[in-house]
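One letter stands for each residue in the lines below.
4 protein chains.
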Amino acid sequence: MLTSTLPIRIYYEDTDAGGVVYYANYLKFFERGRTEFLREFNIQQDTLLAKKIAFMVKKVDMDCIKSALFNQLLSVNTEVISHRKASLMFSQKIFNEAGELLCQADTLIACVNLDKMKPTAIPTEIIEVITRAR
Amino acid sequence: MLTSTLPIRIYYEDTDAGGVVYYANYLKFFERGRTEFLREFNIQQDTLLAKKIAFMVKKVDMDCIKSALFNQLLSVNTEVISHRKASLMFSQKIFNEAGELLCQADTLIACVNLDKMKPTAIPTEIIEVITRAR
Amino acid sequence: MLTSTLPIRIYYEDTDAGGVVYYANYLKFFERGRTEFLREFNIQQDTLLAKKIAFMVKKVDMDCIKSALFNQLLSVNTEVISHRKASLMFSQKIFNEAGELLCQADTLIACVNLDKMKPTAIPTEIIEVITRAR
Amino acid sequence: MLTSTLPIRIYYEDTDAGGVVYYANYLKFFERGRTEFLREFNIQQDTLLAKKIAFMVKKVDMDCIKSALFNQLLSVNTEVISHRKASLMFSQKIFNEAGELLCQADTLIACVNLDKMKPTAIPTEIIEVITRAR
Numbered sequence: 001m002l003t004s005t006l007p008i009r010i011y012y013e014d015t016d017a018g019g020v021v022y023y024a025n026y027l028k029f030f031e032r033g034r035t036e037f038l039r040e041f042n043i044q045q046d047t048l049l050a051k052k053i054a055f056m057v058k059k060v061d062m063d064c065i066k067s068a069l070f071n072q073l074l075s076v077n078t079e080v081i082s083h084r085k086a087s088l089m090f091s092q093k094i095f096n097e098a099g100e101l102l103c104q105a106d107t108l109i110a111c112v113n114l115d116k117m118k119p120t121a122i123p124t125e126i127i128e129v130i131t132r133a134r
Numbered sequence: 001m002l003t004s005t006l007p008i009r010i011y012y013e014d015t016d017a018g019g020v021v022y023y024a025n026y027l028k029f030f031e032r033g034r035t036e037f038l039r040e041f042n043i044q045q046d047t048l049l050a051k052k053i054a055f056m057v058k059k060v061d062m063d064c065i066k067s068a069l070f071n072q073l074l075s076v077n078t079e080v081i082s083h084r085k086a087s088l089m090f091s092q093k094i095f096n097e098a099g100e101l102l103c104q105a106d107t108l109i110a111c112v113n114l115d116k117m118k119p120t121a122i123p124t125e126i127i128e129v130i131t132r133a134r
Numbered sequence: 001m002l003t004s005t006l007p008i009r010i011y012y013e014d015t016d017a018g019g020v021v022y023y024a025n026y027l028k029f030f031e032r033g034r035t036e037f038l039r040e041f042n043i044q045q046d047t048l049l050a051k052k053i054a055f056m057v058k059k060v061d062m063d064c065i066k067s068a069l070f071n072q073l074l075s076v077n078t079e080v081i082s083h084r085k086a087s088l089m090f091s092q093k094i095f096n097e098a099g100e101l102l103c104q105a106d107t108l109i110a111c112v113n114l115d116k117m118k119p120t121a122i123p124t125e126i127i128e129v130i131t132r133a134r
Numbered sequence: 001m002l003t004s005t006l007p008i009r010i011y012y013e014d015t016d017a018g019g020v021v022y023y024a025n026y027l028k029f030f031e032r033g034r035t036e037f038l039r040e041f042n043i044q045q046d047t048l049l050a051k052k053i054a055f056m057v058k059k060v061d062m063d064c065i066k067s068a069l070f071n072q073l074l075s076v077n078t079e080v081i082s083h084r085k086a087s088l089m090f091s092q093k094i095f096n097e098a099g100e101l102l103c104q105a106d107t108l109i110a111c112v113n114l115d116k117m118k119p120t121a122i123p124t125e126i127i128e129v130i131t132r133a134r
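Chains as they are written, first to last, in this note's numbering: chain A, 1 to 134; chain B, 1 to 134; chain C, 1 to 134; chain D, 1 to 134.
Hints are computed from structural coordinates only; laboratory data are not their basis.
Careful, some of the hints might be misleading.
Pairs count within a copy or across copies, as identical chains cannot be separated in the list.
[As the list claims (entries may be wrong)] Derived SDA-like pairs (lysine to any residue); straight-line CA-CA distance at most 25 Å:
id: 1; residue 1: Lys66; residue 2: His83
id: 2; residue 1: Lys116; residue 2: Asn77
id: 3; residue 1: Lys58; residue 2: Asp106
id: 4; residue 1: Lys118; residue 2: Ala98
id: 5; residue 1: Lys85; residue 2: Asp61
id: 6; residue 1: Lys52; residue 2: Arg39
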């Protein structure tokens, strides 16, 4: 199973007055990780968007284990654990530089036709790539 | 069981190039809802923060059912469904003006001492309020 | 000259690890203020967006005088100080509850056709409203 | 004069329903650029923050010339154009991959003691680095 890893630097924009990363921002990091996972397989989402196709999040189960701090360099690990005709299930983990697990999430993504706002089959070339990656 | 309802207007900042609300922003709306739920019981989180106490999210299970759009006026319903010595479980729902359910989440919040970054007992006056609200 | 005033509550999402509101977020508050200014004159930007017309920021001159803090209730004052065929100049100020000026900005907004990504004349009904407001 | 250059990938989080990068997000990109400029000179802002010192934005003059789009790879150029005892003036430009100038900003930064929320002298080692860089 192929795993993509993306480094993420924590800037002031990511933190809050509690002195740690604001929890909603982990969802941004997970989404960056999924985007770079797809890009490693040469899938560019702006090309999909031009065809009015987008991946939309349907479910997120996130566990926040340990807080990330300002200026830390995190890494996001991304893999696809299952797929159907119009959806993908990603499993992702965020680690700090010491290798400690900070946050993990399972995310169900639907392939959506933006004109109809309805699920649509994932393009064949993406399914092929995902199948190879698993 | 008491429920708090907060109106949320969708601005450009909340949307993305797919034409809908960006998924991470629902976590912001849920957090605003929890803050206003507590404020209705006269619990001000800046007072807690000054004592180095904060509520931190440990788990989120979110379902995104239907997309919210630019300029819509949403409402966030918030209730506490269980509590322990150092944690609260919130159940929240986001509706559009037509009353359609767009998004729902169960969120486990821990009461944390920010100096030690360790769980700490929820202050008694908050527990009393929560107990009355349920 | 008509001035629109919008209350803004500061949530954790708005702050950073320095313990104050993150500077980019003032631009969000100013944009909310402009949106509500227009809405008071019955101009709904989602109707414009459906016609592929949007107001885009061309210039911002912002002064940050005093920091806003977590949980404060701010107010954004908004007025139009000049307008041309395809642009508006807004002057905006953010105050805290004590009436202290925290932040001010002059913002030049262009009316843009999103299909061509070119400036376009501001719709007549908006110019009429703006002229009355000044 | 030394210039630091930082690549920035545009994700869905950065865009809005107008199909372009939301204007407040350029301020995030500029701040990332300043952070990496300082890091190139071995100045780590978390070390400063631990001493209750932070750089705070006092003024921003931003021009938005051309919109950035989803999935583009931008670059942020950063240089210091002047400095005083307790402040720095940065000049920054954002380009797309074709080398077109999208956005530029001059930003006045004050060095602030967070305990007193007052300006404080920039640490000597930073002034030395800045002087060498200019």
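Subject >> Within, between, both or neither, where Lys85 and Asp61 count as close if Cα-Cα is 25 Å or less >> reply: both (21 Å within a copy, 24 Å between copies)
Subject >> Intra- versus inter-subunit Cα pairing at 25 Å for Lys116 with Asn77 >> reply: neither (32 Å within a copy, 28 Å between copies)
Original post:
Between copies, within a copy, both or neither: which fits Lys52 and Arg39 at Cα up to 25 Å?
Top reply: Only inside one copy: Lys52 and Arg39 sit 18 Å apart there, 30 Å across copies, limit 25 Å.
Original post:
Given identical chains, is Lys58 near Asp106, meaning Cα to Cα at most 25 Å, within a copy, between copies, both, or neither?
Top reply: both (11 Å within a copy, 15 Å between copies)
Original post:
Which holds for Lys66 with His83 at a C-alpha limit of 25 Å: within a copy, between copies, both or neither?
Top reply: between (29 Å within a copy, 21 Å between copies)
Original post:
Given identical chains, is Lys118 near Ala98, meaning Cα to Cα at most 25 Å, within a copy, between copies, both, or neither?
Top reply: Classified as between: cross-chain Cα gap 19 Å, same-chain 42 Å, threshold 25 Å.
Violated hint for the displayed structure: number 2, the only one.
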